[in-house]
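On the provided structure of chain G, position chain D as indicated by the hints.
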Amino acid sequence: MSKYIIKFAKEGYMKYTSHLDMLRLFQRAFKRCNIGLAHSQGFNPHPKMGFAQPLSLGYTAADEILEFETVEDFLPADIKESVGKIMPQGLIIKTCSRLTDNVKSLAAIVDEAEYTVTFPIDADLADYGKVVKDYLAQEHIVAYKRQKKTKKMVEVDIRSKIRDIQLVDGAKLTLRLILDCGSTSNQSPEQVITTFIDFAKLDVVRYDVEVERTRISFDRKLHI
Amino acid sequence: MNLRLDNLLKQVEKPARYIGGEYNIAIKEPESVKTRFVFAFPDLYEIGMSYMGLQILYHNLNKEEDIYCERAFAPAGDMEKLLRENHIPLYTLETKTPIKDVDFFGFTLQYEMSFTTILNMLELAQIPLLAKDRGEEYPIIIAGGPCAYNPEPLADFVDIFLIGDGEKSLPELMKKYGEAKERGLTKEEFYKEIAGETGIYIPAFYDVFYNEDGTIKAYEKNFEGAPDKVERCIIEDIEEIDFPTSPIVPIIETVHDRAVMETFRGCTRGCRFCQAGMIYRPVRERSKEKIMNLAMEQLANTGHEELSLLSLSTSDYSQFEPLAIELMQECKKRHVSLSLPSLRLDTFSFNVLEEIQGYKKSGLTFAPEAGTQRLRDVINKGITEKDIYDAVEQAIELGWKHIKLYFMIGLPTETYEDLDGIAEIARNIVSIHRNSGKGGRFNVTVSVSNFVPKAHTPFQWEAQDRTEEFTKKHDYLREKLSIKSVTFNYHDDAVSTYEAVFARGDRKLGKLLLEAHKQGCKLDSWSEYFDLEKWQKAIELSGTDIAFYTTRQRGFDEILPWDIVDSSVSKKFLMSEAKKAVEEKTTHDCRYGCVGCGINRRVECKLGGIYE
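If you read the protein sequences in the order shown, they are chains G and D.
Numbers 11 to 234, taken from this note's numbering, label the letters of the first sequence in order.
Numbers 13 to 624, taken from this note's numbering, label the letters of the second sequence in order.
With a straight-line Cα cutoff of 35 Å, these simulated DSBU-like cross-link-like pairs (lysine-lysine) come out:
id	chain 1	residue 1	chain 2	residue 2
1	D	K26	G	K182
2	D	K40	G	K104
3	D	K618	D	K398
Keep in mind that the hints were calculated from the coordinates and are not lab data.
Here the structure is a predicted model, which is why all the values come from computation and not from measurement.
Here chain G stands alone, though its shape is the one from the complex:
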């Protein structure tokens, strides 16, 4: 058994491919490349493959991570070459390397993620540096979140899960969000975006805002 990770970018129309569809897409890609994935034991074996962190539908991404285990050993460069060749337009395989760290799964140790959010608003329309500072200076930031089980909207305070927000240079108002991510504490950019739109009184609707995940980090140093 050999463990690998693939780093890839998701661009253009591919952002409309959901998490489950992405899993199936990679599974089929490995099959086409004759890269046999290792399977779990039991009555319903499933391939040992997964993303470090699911990505919301509609987000592009610069540096996503897929981890997987194969039955036979392959050279990472060969995997990159063969899988990269058959990816649909918009999915770009950046690197493939061996996962040498002794971790059960990367998904379990994700800690932080970074997003770039672009609003359809001219950056020089106001002093957005100050707006961001004031937004972060709030003690509580109350957002609404739909509960998974009951489907009810509940109030949540998201302030403690926002690690930082930075203004990024550019013609359009662009923010870099650094948020809690992973199984311990997770903050979706969605509530940050909606509360920021309200706070800054921006005249935009959600579907005009572009979001890209630019980084996923772990709670420890890895050799990947």
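Relative to the frame of chain G, chain D by itself:
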């Protein structure tokens, strides 16, 4: 990326339906081809992409350098609303080209209840609905598929119908168009050039005259070059034609998300209600070697995890046993699951199912279609109750817990005794399980559909039950089937009535379709979209007498709207089968000797389809 489109996609459910970009799509420079064709399936993406015919024609068109075939599907309600509000014309998935800018907009006609969706797609593409309103600047509207065997309800909207196997005829037609375009021909000049070709039906070249009672008096040609009857295209040897080994692999989950291999075309059983069994004659097989090679190549090129065989009756393939064994071995090697639909349940099949399903047993399906032997003889369905019970016994022994039964109601000569027979079969199966001593959960599902008489079948003259009669029979059955461990499902009555209207409709129905479209009817095969009130209003406004199409028994001497299409099965044979039905006489499977359907006047019929 088109920014306006991107903005829309963020607001809809399942946006990946509208983006294209799947693995194995054809990528061409649109300017480099002579003919641009859009293959449209008038339903949602998930339905359309599950249809193998799309993949077959897409492949056969795109392997030609001068032709570019792209795809389009019906948008769901949310996307349609946004397209309309933003005045974005319906576009192709491959290059996002507005469909109104291509040469051909082609629809596959798989079921009658998709007809309103065709009109809706034309409107969304910003193309005039009526053929007579479309100038030279618009694409030619072409249609094919099983419902094209009665093309008349769509005659006002479609320019060319292509009847029969399309793998050769469609690319040839596209090439001819490319040349015609270079020669500067107008649409009409082009139609006149192709009117005499096999399979081509151009409704504008015929004027229809009616009797006072609404039946057809005569078809008169207004262009001499048009044929008296349109012969369907038949590919005599399907071994020779190209079958796609690199089909498009959808990104989102579709209804049938798997590799599909067609083993043979046609069927020898001769069930009298079945249109497919008549219009796809004669039986034509691929060799086992070819099937194996194509299937394995397809798996390698798609990465699919499931393989299914496609034909009208899987076990009827002449070398089914060796094929099944070889497929099982090869699929196992590749960690691919094998699915074999519509198996005849003999000992061999049970062994196969045991091997490929193991502990994950799906339901076991039987289609007796009718509840008594008498009625099964009427419809020529050669399955006996003993066949069913023997198989059920074996299935229960092997651990099956779920039996599915398919029946039709409203069949010719049906009485309530035949309905009692349906309940009887379900009850007997439950008893077999009880007496087996196996215990545990056990379920029988009885699914009942409503008989819709179809063109080009022995029952094409028959009256259909009234909607109310279907409802009454469902109520009766619901009571009879309130048996422990039995689940009863049935189809919507009104939908079956409308289906029957179009299945045997004439040109006058163009008015009804147009009115239904104006009322907002679309995606009518979806219960959440089918709106009876809108249809009733359309009936009223168009002045359509639907009983004329549904509950009226036709005479053998009546000129039928679909007589213009020659399926190559003789009308004499259909009549003789219709008469035998009333006499409760069966006709044997023609694998065991020719029954004289007339197909061999046109092409060689290998009877059993045995490949030599």
